[in-house]
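Below, each chain spelled out in residue letters.
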Amino acid sequence: MVKHHNRRMARRGWSASPIRALGISATVLLAVAACGTAPSEQKSSASSDEPIVVGISLPLTGDFSQPGGEARKGYEIWRDQVNKDGGLLGRQVELKITDDASNQDTVVTDYTKLITEDKVDLLLGTFSTLLNFPASSVAEKNGMLYVEPAGGAPKMFDRGYTKLFFAQQATASHQPDTFVKYIEGLPENERPKTAAYPTQDDPFTTPVIESMQKQLEALGVETVYTTTYPADATNFQTIASAIADKKPDLIAQGAVFEDGVGLVRSLQQLNYSPKMLFQTSAPSNASQYSEGIGEANTEGVFYTVSWNEKATTPNNEEFVAEYAKRFDGGIPAEDAADAYAAAQVVQAAAEAVGSLDQDKMADWLHSNEVETILGPLAWDETGAPTSEFLLAQWQNGAPEIVAPEAAATVDTAVAKTPWQ
Amino acid sequence: MTQLVQALVLGLLIGGVYALMASGLTLIFGVMNIINVAHGALLILVAFVTWKIWSVTGIDPILLSVVMTPLMFGLGWLLYKGVLSRISGSSPGMSVLLTFGIAITIEGVLNVTAGNRFRSATPSYFSESYRVLGISLPKAQVFGCLAAVVVLGLLYVVLSKTWTGRAIRATAQNSSGAALVGIQAAGVAALAFAIGTATTGVGGSILSVLYPFFPASHYDWISRLLGIIVLGGMGSLAGALVGALVLGLAETLTATYGSLQWSTLIFYAVIMLVLLFRPQGLFGSRLRQDVMA
Numbered sequence: 001m002v003k004h005h006n007r008r009m010a011r012r013g014w015s016a017s018p019i020r021a022l023g024i025s026a027t028v029l030l031a032v033a034a035c036g037t038a039p040s041e042q043k044s045s046a047s048s049d050e051p052i053v054v055g056i057s058l059p060l061t062g063d064f065s066q067p068g069g070e071a072r073k074g075y076e077i078w079r080d081q082v083n084k085d086g087g088l089l090g091r092q093v094e095l096k097i098t099d100d101a102s103n104q105d106t107v108v109t110d111y112t113k114l115i116t117e118d119k120v121d122l123l124l125g126t127f128s129t130l131l132n133f134p135a136s137s138v139a140e141k142n143g144m145l146y147v148e149p150a151g152g153a154p155k156m157f158d159r160g161y162t163k164l165f166f167a168q169q170a171t172a173s174h175q176p177d178t179f180v181k182y183i184e185g186l187p188e189n190e191r192p193k194t195a196a197y198p199t200q201d202d203p204f205t206t207p208v209i210e211s212m213q214k215q216l217e218a219l220g221v222e223t224v225y226t227t228t229y230p231a232d233a234t235n236f237q238t239i240a241s242a243i244a245d246k247k248p249d250l251i252a253q254g255a256v257f258e259d260g261v262g263l264v265r266s267l268q269q270l271n272y273s274p275k276m277l278f279q280t281s282a283p284s285n286a287s288q289y290s291e292g293i294g295e296a297n298t299e300g301v302f303y304t305v306s307w308n309e310k311a312t313t314p315n316n317e318e319f320v321a322e323y324a325k326r327f328d329g330g331i332p333a334e335d336a337a338d339a340y341a342a343a344q345v346v347q348a349a350a351e352a353v354g355s356l357d358q359d360k361m362a363d364w365l366h367s368n369e370v371e372t373i374l375g376p377l378a379w380d381e382t383g384a385p386t387s388e389f390l391l392a393q394w395q396n397g398a399p400e401i402v403a404p405e406a407a408a409t410v411d412t413a414v415a416k417t418p419w420q
Numbered sequence: 001m002t003q004l005v006q007a008l009v010l011g012l013l014i015g016g017v018y019a020l021m022a023s024g025l026t027l028i029f030g031v032m033n034i035i036n037v038a039h040g041a042l043l044i045l046v047a048f049v050t051w052k053i054w055s056v057t058g059i060d061p062i063l064l065s066v067v068m069t070p071l072m073f074g075l076g077w078l079l080y081k082g083v084l085s086r087i088s089g090s091s092p093g094m095s096v097l098l099t100f101g102i103a104i105t106i107e108g109v110l111n112v113t114a115g116n117r118f119r120s121a122t123p124s125y126f127s128e129s130y131r132v133l134g135i136s137l138p139k140a141q142v143f144g145c146l147a148a149v150v151v152l153g154l155l156y157v158v159l160s161k162t163w164t165g166r167a168i169r170a171t172a173q174n175s176s177g178a179a180l181v182g183i184q185a186a187g188v189a190a191l192a193f194a195i196g197t198a199t200t201g202v203g204g205s206i207l208s209v210l211y212p213f214f215p216a217s218h219y220d221w222i223s224r225l226l227g228i229i230v231l232g233g234m235g236s237l238a239g240a241l242v243g244a245l246v247l248g249l250a251e252t253l254t255a256t257y258g259s260l261q262w263s264t265l266i267f268y269a270v271i272m273l274v275l276l277f278r279p280q281g282l283f284g285s286r287l288r289q290d291v292m293a
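Here the protein sequences line up with chains A and B, keeping their order. Quick note on numbering: the working numbering labels position 372 of the first sequence as 372, and the sequence is numbered without any gaps. Quick note on numbering: the working numbering labels position 157 of the second sequence as 157, and the sequence is numbered without any gaps.
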C-alpha cells in the first residue's frame, strides 16, 4: 500500500527545510562519488554457490516503524518461501536489513554502505516516497536495480531513472481512476451532482484528490468545496461544518489516517452524512479504521487499494497463510503484501535473464509484465506502473473489492448508510 | 456571525484541553529548569492504558482519569527520584537529552507491548454534539474541556493557597532563597515533577477520546506543547493557558476564514512576534542571567 505511512513520512520529508535538503543532496553526492564502479561490474554472481545477499534499509524505528515492520515481514516471508523452493537461480537468499530510523540521511548512508561496503547482490526498496526518493538516487548512480514497494508520488518518476520500479499498480495521480470509472458507469441520476475535496497537504494524497476533482468535473460533478490542511491538523470540526454547509453528495478526502478518522467523527458530531464517501487510504487500515469511526459507520465507504487478502492472484493464498501462521492468525497489512510483491518482481527479473546483471534485469522489466500477489504489474520507461488500483468498499464491517471485475470479491457496490 | 461564534467556541474548547496538557510541562520547567520532552510520551502512555481499560471494562475513559492521575503522580515521583534527580543542577540541555531518552523508551515499550497501531477510545458520546442556538458543541470536546478546567483550577488552588504550593512557587522563583528559609529543594522538586506528571493522567485520558494515537504520536504533541509554553512564557501557568487558547483559536479561525494550512504558520508567526518584543514570552519573568546575556 502506498498508503498511510508513506504519506506520514512523506509529509514531514517534503517539507524539510532547504538546509536539510542541501544536506541530503550533499550526502547523496558524496555517496555517489565514493564509489566509482558499479557493483554489477564487480561481481560474477551467477556462477557462485554463495548465498545471494539482498540489501534493504527499512524504517524499523521512528515515525514510520509501522509500515517498515510490516514490510520486513513481507520480505522475510518471501525469502523463506524462495529458499524452501530451492532458492533464486539455485542459490539461497539472505536478507541484510538495516534500520534507517525513518530518517532521510540515514537511509542514504544505509544504501551506500550496503552497495559499497557490504557489496550486496541485489537491492529492495524501503518505505514511503520520503525515504525512497533519496535511496533510489543512491541505487541509480551505482547502477543497481531498485524495486520499491511504496513511494508512488509522481515526482519519483520525472528524474529519468532507468533502474527504478514501483511495485504497485499505479502512481498517485492514477490512484482514483477506478473510482472515477465506477461513477462514470452509474446511471446519470445516481451519480453525485456535487462534491467536496478536503485533502491533507501530502505528496501522496494531494495528487490523488486533485486528479479525482479534475476527472469528476469533466463528468459534470460540481465542486462545492476544496481545502488543504496540514499534516499535523488534529481538529476537524471547522472543516466538517464548512462541508456540511455545502451539503455535497460526495466527499472525497485525501486522508492518511488520523485525519480520515477525525473528519468522519466530526461529520458524525454534526450529523451530516454524505451520499458517498471516498477516502484515499485511511479506510485501508482494517480494524484500526473501523474501531476509530465505529464499525456500523464504515458501511459503504470507498477507497482504492493495491492488495486484498482474498485476491486469487498467484502465491497470494500461500502468503496469507504463512503470515497468519507466523503472526497469531493475523491478516497481512497491505504494506507487507507490497513488500512481498516488490521481491517477486526482482525474483522474476533475475529468473528471466538468468543472472543478477542489473542492466539486463532492468531492461527486462521495462518490456515485460510480472505476475505478483497484487496482480500483474508492468512499467513505462520511467519505472511508473501502468495498471490500475483496486476499488474497495467497506461492506458489512469488512473491506471488499468492487472493481475491476477480475479481482472483485463482491458482485456490487452498496449504498452508504447514514451515521449510526 | 454564527460562523464566528462557532469558531470561537470551538477554539476555546480545543485550547482548554491544550492548556491542561501544557500545564504540567510548564510547571516542571518553572520549578526545575527541566524541559521534559517525555511529557508527550507520558500523555500517550496514559492514553494507551486508558484505552485498554476502557476497551476491556467499558468504564468511561475521561472518568478513568481519577485512577490515572494518582498513578501518574507515583510514576512521576519515581522517575524524578530514580533518574532526573541525578542531573539536578545541570543545564536544561542535559534534561532534554535525558527526557528524550525516556520518551523513546516509553515509545519502544508501547510498540512492543501495545502494538504499533492507531487506537482511539470511542465511548457512546464521541460522535454526539450539544446544539445551543445553532452552535454545535461536540460532547467529547465539552467533557474534555470541563475536566481541563477542573484540573487547572485545582492546580491553581494548590499552588497559591497551600504551603506546599507556596514552597513550589518559592523554589521556582528563587531556589537558593527558598533553601535559605528552610524549604527542602530536593523534596519540592520531586513533588513538582510528580504533580506535573500527574496532569498527564487527565490529559492523556482526554486525548484517548478526542484524537487517534499510536506510540510515535508523542512527537506531534510535544512540539505543539512546547510551542504553547514558549509563547506563554516558560514556567508560567497562566502563560500556558493563554498560549493554548491562542493556538486553539488560531486553528479554528484560520480554518474558518482561510485554510487550516495557515494555522501552524500563524501560530508560529505569533510566537515569533511575541518573542521579538517579549523574549521571555507573554507571562514569563526575565531572569538576571537573561538580562546579562
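If you're looking for bench data, these hints aren't it; they were derived computationally from the structure. Beta carbons are placed, not taken as given, at the ideal position from N, Cα and C, and that holds for glycine. One thing to keep in mind: the hints can contain errors.
As the list claims (entries may be wrong) - Lysine to aspartate or glutamate pairs mimicking DMTMM-like chemistry, simulated, CA-CA at most 25 Å apart: (1) A:K247 <-> A:E318; (2) A:K155 <-> A:E400; (3) B:K52 <-> A:E400; (4) B:K139 <-> A:D357; (5) A:K113 <-> A:E184; (6) A:K193 <-> A:E210; (7) A:K416 <-> A:D232; (8) A:K360 <-> A:D328; (9) A:K246 <-> A:D201; (10) A:K113 <-> A:E50; (11) B:K139 <-> A:E295; (12) A:K416 <-> B:D60; (13) A:K141 <-> A:D158; (14) A:K155 <-> A:E184; (15) A:K119 <-> A:D105; (16) B:K139 <-> A:D245; (17) A:K275 <-> A:D232; (18) A:K246 <-> B:E128; (19) A:K275 <-> A:E299; (20) A:K325 <-> A:E400; (21) A:K113 <-> A:D99; (22) B:K139 <-> A:D359; (23) A:K96 <-> A:E400; (24) A:K155 <-> A:D363; (25) B:K52 <-> A:D328; (26) A:K360 <-> A:E94; (27) A:K247 <-> B:D220; (28) A:K155 <-> A:E351; (29) A:K84 <-> A:D105; (30) A:K275 <-> B:E128.
To be verified - Reference listing, derived: stretches of chain B covered by chain A, where coverage requires no fewer than 3 residues with Cβ under 8 Å from a Cβ of chain A: (31) 28 to 38; (32) 125 to 134; (33) 186 to 194.
Taking the hints in turn, this is what the structure says about them:
1. A:K247 <-> A:E318: 46 Å, violated
2. A:K155 <-> A:E400: 31 Å, violated
3. B:K52 <-> A:E400: 29 Å, violated
4. B:K139 <-> A:D357: Roughly 62 Å between the alpha carbons, so the hint for K139 (chain B) and D357 (chain A) is violated.
5. A:K113 <-> A:E184: Between K113 (chain A) and E184 (chain A) the Cα gap is close to 50 Å, so the pair fails against 25 Å, i.e. violated.
6. A:K193 <-> A:E210: Within the cut-off at roughly 17 Å; holds.
7. A:K416 <-> A:D232: 29 Å, violated
8. A:K360 <-> A:D328: Violated - the C-alpha atoms of D328 (chain A) and K360 (chain A) are around 40 Å apart, more than 25 Å.
9. A:K246 <-> A:D201: Given pair K246 (chain A), D201 (chain A) holds - Cα atoms ~22 Å apart, limit 25 Å.
10. A:K113 <-> A:E50: Status holds; Cα separation ~20 Å.
11. B:K139 <-> A:E295: Satisfied, since the Cα-Cα distance of roughly 20 Å is no more than 25 Å.
12. A:K416 <-> B:D60: Status violated; Cα separation ~30 Å.
13. A:K141 <-> A:D158: 16 Å, holds
14. A:K155 <-> A:E184: Violated: K155 (chain A) and E184 (chain A) sit about 28 Å apart, past 25 Å.
15. A:K119 <-> A:D105: Judged against 25 Å, a Cα distance of about 20 Å means the pair holds.
16. B:K139 <-> A:D245: Holds, at roughly 20 Å.
17. A:K275 <-> A:D232: 28 Å, violated
18. A:K246 <-> B:E128: 21 Å, holds
19. A:K275 <-> A:E299: This hinted pair holds, its Cα atoms lying about 11 Å apart.
20. A:K325 <-> A:E400: Given that 25 Å is the threshold and the Cα spacing comes to 23 Å, the pair holds.
21. A:K113 <-> A:D99: 12 Å, holds
22. B:K139 <-> A:D359: Judged against 25 Å, a Cα distance of about 61 Å means the pair is violated.
23. A:K96 <-> A:E400: With a Cα-Cα distance of about 35 Å, the restraint between K96 (chain A) and E400 (chain A) is violated, given a limit of 25 Å.
24. A:K155 <-> A:D363: Between K155 (chain A) and D363 (chain A) the Cα gap is close to 22 Å, so the pair holds against 25 Å.
25. B:K52 <-> A:D328: 20 Å, holds
26. A:K360 <-> A:E94: The hint holds at about 22 Å.
27. A:K247 <-> B:D220: 32 Å, violated
28. A:K155 <-> A:E351: Distance ~30 Å between K155 (chain A) and E351 (chain A) Cα, so the pair is violated.
29. A:K84 <-> A:D105: At roughly 36 Å apart (the allowed maximum being 25 Å), D105 (chain A) and K84 (chain A) break the hint.
30. A:K275 <-> B:E128: 20 Å, holds
31. 28 to 38: Per the Cβ count (0), the hint is violated.
32. 125 to 134: This one holds; 4 residues, not fewer than the three required, reach chain A with a Cβ under 8 Å.
33. 186 to 194: Result for this restraint: violated, n = 0.
Comparing the model with each numbered hint stated earlier shows that hints 1, 2, 3, 4, 5, 7, 8, 12, 14, 17, 22, 23, 27, 28, 29, 31 and 33 do not hold.
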